[in-house]
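Sequence lines, in order, name chains A and B.
With the first letter of the first sequence counted as 1, position 163 gets the number 163 in this note's numbering; the numbers rise by one all the way through.
With the first letter of the second sequence counted as 1, position 17 gets the number 17 in this note's numbering; the numbers rise by one all the way through.
Heads up, some of the hints might be wrong.
Unchecked claim - Cross-link-like lysine-lysine pairs, in silico, DSS-like; alpha carbons within 27 angstroms at most:
| id | chain 1 | residue 1 | chain 2 | residue 2 |
| --- | --- | --- | --- | --- |
| 1 | B | Lys-156 | A | Lys-68 |
| 2 | B | Lys-156 | B | Lys-172 |
| 3 | A | Lys-68 | B | Lys-172 |
Source of the hints: derived by calculation from the structure; they are not laboratory data.
Given next are the chains, with one letter for each unit.
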Amino acid sequence: MATLNQTTAVGRVQASSSYRMDWFRHNLGRWVSMTFLVVMAILTLMPFIWVVSTSLRTPAQSFTLPPKWIPTDMDFSNYSQVFERIPFWNQIANSFIVTLSVVAGQLITASLAGYAFARLRFRGRNVLFWIVLATMMIPGQATIIPLFIMVSRFFQINDTLYALIVPSLATAFGTFLLRQYFMSIPDDFEEAALVEGANQWQIFRQIYLPLASPGLAILAVLTFNAKWNDYFTPLIFMNTKERFPITLGIVDLQGYMATGSISVVLAGIVLSTLPVIVIYIFGQRYLVEGLMMGGVKG
Amino acid sequence: MGSQVMHLSSPRRRNPVSRWLAADTLQGIQRQRALLGYLFLAPTIIGLLLFIVGPMLGSLALSFYKWNVFRPPEFIGFANFERLFADPRVFTGFKNTFILVVMTVTILEVVAFLLALLVNRLASRTLSTFFRTAYFLPVLLSGASVAVTLGYMFHKDFGVINYYLGFLGIEKIPWLNSSDWVLIAVSLTTVWRNLGFTFIIYLGGISSLPTEVLEAAEVDGAQGWRKITKIVLPLLSPTILFATVTDIIKMLQFFDEPFIMTRGGPGDASRTAVMLLYESGFGNLEFGYGSAIALVLFIVILAVTAFQFVMSRRWVFYR
Chain A
1 MATLNQTTAV GRVQASSSYR MDWFRHNLGR WVSMTFLVVM AILTLMPFIW VVSTSLRTPA
61 QSFTLPPKWI PTDMDFSNYS QVFERIPFWN QIANSFIVTL SVVAGQLITA SLAGYAFARL
121 RFRGRNVLFW IVLATMMIPG QATIIPLFIM VSRFFQINDT LYALIVPSLA TAFGTFLLRQ
181 YFMSIPDDFE EAALVEGANQ WQIFRQIYLP LASPGLAILA VLTFNAKWND YFTPLIFMNT
241 KERFPITLGI VDLQGYMATG SISVVLAGIV LSTLPVIVIY IFGQRYLVEG LMMGGVKG
Chain B
1 MGSQVMHLSS PRRRNPVSRW LAADTLQGIQ RQRALLGYLF LAPTIIGLLL FIVGPMLGSL
61 ALSFYKWNVF RPPEFIGFAN FERLFADPRV FTGFKNTFIL VVMTVTILEV VAFLLALLVN
121 RLASRTLSTF FRTAYFLPVL LSGASVAVTL GYMFHKDFGV INYYLGFLGI EKIPWLNSSD
181 WVLIAVSLTT VWRNLGFTFI IYLGGISSLP TEVLEAAEVD GAQGWRKITK IVLPLLSPTI
241 LFATVTDIIK MLQFFDEPFI MTRGGPGDAS RTAVMLLYES GFGNLEFGYG SAIALVLFIV
301 ILAVTAFQFV MSRRWVFYR
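Work out the full structure, taking the sequences as your base and the hints as a guide.
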């Protein structure tokens with residue numbers, strides 16, 4: 001800052017008299033901002049450390065204060081308790097089945113529709129696109145009661161995994177996202193492919209789809225994260241414990257352990273979070289990029 | 001190219017449909033692409049109509065009916081809405097939601113903006129990666145896990161938070177058992193889970209500001225607070241608008257945390273709009289009344305979106 005100041009007339013006058021003051025202010029600012037960053041990092045990380053270390057405490061110790069930040073008991077019995085208290089394997093499998101089916105389904109429907117909106121010309125395209133955009137503004141809660149009636153009365157698939165999968169297969173957000181990706185790919189590829197004798201399906205499948213793979217990755221990780229963590233929809237559609245996804249299972253476990261050890265509940269939380277952590281490690285870039293593009297809906 | 005000539009010379013060998021779609025004429029290609037367009041769109045359009053547009057219209061229609069599972073639906077005009085506006089619980093629910101929105105979104109925007117500003121200035125790559133990862137991690141968790149975990153941490157007697165506040169000489173706060181504190185506890189919980197999301201949006205916005213402008217401002221003597229308020233904030237206004245509106249809409253649909261942490265209690269102190277919708281729709285099985293609440297919530301969200309649209313035209317500075 002001081003060097004920059006010296007380049008102006010005003011700065012030159014001030015620099016000699018208040019150089020020490022400037023130096024002090026500059027460094028004070030740095031220390032204040034660093035302290036703020038560190039304190040906020042401690043506050044965001046603290047619950048993670050507390051969950052892991054408390055999940056490893058013996059049940060008798062789980063409530064005792066002060067909390068232990070470094071796990072020394074290493075009591076893994078809480079983890080085996082999770083499997084005894086709730087049908088954990090069933091529930092984690094349900095979460096995987098639902099999440100992966102929805103991710104796969106959305107990738108297929110949204111890449112087809114995104115490609116159509118971006119690259120194919122046909123009558124009514126703009127009207128249809130506006131319909132898709134408009135549905136993005138409808139919050140999930142606004143439609144949940146009629147959806148429940150539909151799913152339970154007409155389709156009669158409530159309390160099955162289909163109730164969590166089928167209504168989520170089409171996605172307005174994903175269609176919009178992939179349309180943007182397909183639009184950014186130049187037309188030249190198509191012309192070259194036509195000369196080579198490729199048909200329209202081959203042009204989509206073998207040329208444009210692979211080029212849109214960053215967009216597909218963004219949609220996949222966002223949908224995975226949103227669907228894996230969804231609590232509201234299964235709360236409404238599911239009744240049988242064996243068919244719960246793990247989000248419902250954790251809350252169920254908490255109720256079950258209301259008078260028992262919280263370490264078991266926390267062990268369940270650790271286990272149920274592992275898949276999203278793995279997704280984050282591999283898909284970090286796409287997740288961050290996708291969230292920045294405004295992907296908030298699952 | 002050779003095949004084109006051959007096809008053109010032997011049109012007899014094809015049926016009418018494939019002739020109509022003939023790939024080797026310009027019109028044929030256009031027709032093929034149009035047909036393909038409708039085919040490609042079909043799954044998405046059908047899915048959205050069936051599971052979003054349809055239910056939305058259904059919600060609209062249902063709000064004029066009195067219907068539970070046991071008796072057939074009965075048209076009652078605006079009675080649901082009259083009841084809704086006179087219902088003190090609905091008033092409390094929407095009031096709580098607005099308080100939560102204002103509190104949570106204010107903290108989120110200010111803290112996330114400051115963090116993004118400071119992280120963006122860090123010279124060390126390692127430090128910057130560490131802070132970015134730390135702030136972002138809670139975004140990965142489900143509202144359910146966060147609600148359960150922070151519910152334990154906010155516990156009056158066994159909670160870690162009161163334990164450490166005790167060192168500062170603060171007496172045990174009944175976070176979740178007092179109507180004065182419960183909204184603050186729920187709001188802080190949500191801030192914890194969503195801070196990383198807002199932070200990442202601001203970081204993206206700040207790191208894409210034009211460096212020439214910032215340097216020129218510094219040369220002209222704009223520093224510190226002046227630089228932030230006069231240069232950075234105006235340049236960042238599209239990001240601020242986007243982040244704020246996204247957060248407001250998200251918070252208006254707030255459900256998981258208060259539902260799991262307090263079930264809306266104590267009393268109705270932490271009951272939110274979506275919780276009311278859930279309880280009337282699926283607790284009392286009043287589908288009509290629940291739909292009316294859903295509709296009011298939808299209109300509020302639509303108003304916020306419209307506000308964003310208007311503001312982005314009038315106030316936001318786009319480069």
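Tested hints:
1. Annotation: proposed proximity of Lys-156/B to Lys-68/A holds, straight-line Cα distance about 18 angstroms (limit 27 angstroms).
2. With a C-alpha separation of about 6 angstroms, the suggested pair Lys-156/B and Lys-172/B falls inside the 27 angstroms cut-off, and the hint holds.
3. Our distance criterion of 27 angstroms between C-alpha atoms is met by Lys-68/A and Lys-172/B, whose separation comes to about 20 angstroms.
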